[in-house]
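Peer 1: Line by line, the protein sequences are chains V and B.
Quick note on numbering: the numbering used here labels position 224 of the first sequence as 224, and the sequence is numbered without any gaps.
Quick note on numbering: the numbering used here labels position 428 of the second sequence as 806, and the sequence is numbered without any gaps.
FYI, nobody ran anything at the bench for these hints, they're computed from the structure.
One or more hints might be untrue.
One-sided excerpt, in silico: chain V residues whose CB lies under 10 Å from chain B [said to hold, decoys possible]:
1. R85
2. F88
3. V122
4. N127
5. L132
6. T137
7. T144
8. S145
9. A158
10. I161
11. Q193
12. L196
13. A202
Across the chosen pairs, the derived CB separations fall in these ranges [as the list claims (entries may be wrong)]:
14. G140(V) with E806(B): 19 to 29 Å
15. V102(V) with E900(B): 52 to 62 Å
16. E210(V) with Q499(B): 50 to 60 Å
In this text the structure is predicted, and so the values were computed from the model without any measurement.
Every residue gets a Cβ at the ideal spot worked out from N, C-alpha and C, and that includes glycine.
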Amino acid sequence: MTTTRKDPVLVILQLTGANDYLNTIVPYADPLYWDNRPRVKIPEDLLQPIDDELAFRPDMEPLKKLYDNGKMAIIHGVGFANSPRSHFRAMDIWHTCEPDHVGVDGWLAKVIRDLDPTGENVLKGVNFGQGLPRAMTMRGVPVTSVTNLASYGVLSTARGITSEQERAQLLDSFSRMYAPAIGTGPTMDFLGQAGLSALKGADIIRSAPEKYSSTIEYAKNSIARSLRDVAQVHLAGLGTQVFYTSHGPFDTHFDQSGSHTKLWSEISEAVDDFFADLQEHDSGEEVVLMMFSEFGRRVRDNGTGTDHGAGGAAFLMGDRVNGGMYGTYPSLKPEHLTQGDLAPSYDFRGFYSTVIDKWLGLDPVPIVGGKFEELSFV
Amino acid sequence: MMAVSIGMSQSIEYCLVPAAETGVVPMSRSPASLDTSFSQTYDVTIGTIGDLRPSDILVPNPDGSSGSIHGDVSMPHRKDIALMAHLMRRAGFGAPHGELETRAAMGYEAVVEELLHPEEQPAIDEELLYRVFPGYEGAAGAPISQADWVYRMINTQRPLEEKMALFWHQLFATGNSKVDNPPELTRQIAMFREYGLGKFGDLLVELAKSPAMIFWLDNHGNHDGAINENWGRELLELFSLGVGNYSEDDIRDAARAFTGWTIAPKIPRNPLGRFYWNFEYKAEDHDEEEKTFLGHTGNLNGDDIIGIIVDQPASSRFLARHLYRFFVADEPQVSDWNITPPKDPEAIEELVDAYNESHGDIRFIMRVLFNSEFFKNSRFARVKSPAELIVGTVRIAGNYDGFRPGFNNLAIECAWQGQELLNPPSVESWHTGSEWIDAGGLLRRVNFASGTLGDISLPGVRAIINRVRDQAQAQGKLSPQALVATCLDSLGALEVSDSTTHIELLTHASVGGELAWNTPEEVSASEKKIGKILTLIAASRDYQFA
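Looking at chain V on its own, in the form it has when it is part of the complex (with noise of 0.2 Å):
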């Protein structure tokens, strides 16, 4: 492994189903905000204002203390034109940034392999969650997806195993019976390879949890679970420079004000014990926390929910991010909405590009398709 705790890490929070960003960042000076969420609105006495327009929700009162602190950016109006209001496609379109057509690589994947071009750490990107998510896939790109960082390994369900030895007989079967054999085929071989990068970073990442010790107690629920793996498996040393999660469902078509309220007091929490954790290890300079969905809600809502909008906030945190407010939040004037969604301001290639160039240090332009808007939030 050539990467040493020092290289740059980039974890992603995704916020799966589509964030209400009227309601997360709040433009509260402005009358049409109001109007338009006669029953969806954060009550003007909760909100925990940002300057004299806009206002965080009150669950994300952690949050602002980082934001205080100068170390969160909120980029404003992230989308891309013709936002689609499927979730699927368009969170196919973050995945690939191919706004266009039907996109098969992953942009984290060619992160992956810019960043470790020999696909020699099979930890170089990891995901916590269910399935892999398509920001990471690309063929020959090894990753490794993790579902429970205290359970993970290959043959971790089988029955019957009743000594450490007995286990470690059967993965040596399996690692002889996965290894190269001549004549056959590719097929054999590319299943060979793959069940050999989860046998190789299963040993290594089962080692995370034991080298951990922390005093900071994270919060009892799912994402902030697996930002303390995160943290575990950073912590250890192993060369990850790419993690992946995400939470939600950010879906609020019924009911919204209850849900919202408890993703992001989850996610508030989560994200605050995990700094801590790293303030703790002293590796908060090392990380970086990307959080984007992906898009916003219907400007006006529905009566107890809102539907599938366009555009949203993406944020930056972290001790080397430059804190504050970039980009414009788009107008909520009817004449400049599209089909009653906020027309998005920023195109989020220029997001990823600014995190690809000045935190990774890599050419942006092959991973994202182009050339786009850099910003100067780290």
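Position chain B against the provided structure of chain V, taking the given hints into account.
Peer 2: Frame of chain V, contents of chain B only:
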């Protein structure tokens, strides 16, 4: 000396040689079998597992003769059972050994006929299904509709009907990500069951009327004077002719011909939930002007377009290639078809001929396919899709027979392995073959299959244990070879392609000596050992193939 054949497509001949008493790994070989080319060619080192000492090892059979992997547990109809296992994996979702024996006794062609006539077998009792699982009817969420389908895949007595539904779903990929109405997708799948073995043209007409498809490809936005080409384009490109067999003008006029094919006004989802949609033909929104499609000119309507499509040579070839890829052997991805020729052009020709002879009668084509030599010779030539792997595994383990909780977990597992039913990634559908595999997905496949088949409490696994026990008791003892052979045999006459895997299995089978069932301790140890062998087989590369 027993000869064994181990091979997926190409068999390598070995013979089993009893190891010398003092043998350590690699075991000493009897002089007759000493063949140094073995280690040079295959570079096989016999596994050292702790202090295990396999009592037998594999070496190539010097005379190159073929034989049965069973050696001393020879079964007269093993070839028939292996072929039946193949048929049931492809025409259905696999079958436990007992069912294979019964079917093999019926004869191959008779079973093909039975599969081709699902209407003669009992259907899933939907009234009962929806009384037991009230949530499944008009299911509110995608996982429930997926669970409904998984229940049917496992419990159907009409395996080919269900497999055809999956085939058409993979071909006419319609996704809930956009449709956002799982019951409507479930109705599309039910339509595939009903029309999936009929005439290709009839199926395409039903597809064009499927509300889920209309919404998925925007035909409700395709109006007289303001066409939306999405459905027209994909009908030609992805569902029937394939790229290069039509012009942009053909797409435009096909789209014009389908104006007015729309969805009746929907009942809003809120506040009562989702309702079925209905097809509606709006004559007043249909373009009645003259159109030209693939050289045919007239006031064409949608069914005229489909009538022209199904008579195109490109359609028969396109469907033949899809059938070959799904039922016979992995092929390049569809997007590469216009630059990559078929692996087996003669097989495609046979299927094309069947299409032409029967005017696109799918049942007729499937009969030709299943009875063909290319089909019979294609054992383990496909990587299992996640649905095939999961359903096939639990059908053998017998832990999801009938009504029980957990079908939603199987559906979700399927999604995690990379195939979310009713929600293919795009209209281009899933990429198949080795593209089902990545390190994360493979880990899930291995853990799911080995966790299930290694669970000796499950009824299907107990049936395998009992089979092994009966053999052991009938013969007085059971060699490690016979134990491994019976376990492989019980998992659909599986074959392990490389000697390393077989040696690993033999090594574990040799631990602790012969299986015995005389005392509770022996029973427990024997069962545990069988569980371990099944765990390893299910974790193997070979288990990934159908």
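Peer 1: Check the structure against each numbered hint from earlier and tell me which ones fail, lowest number first.
Peer 2: none
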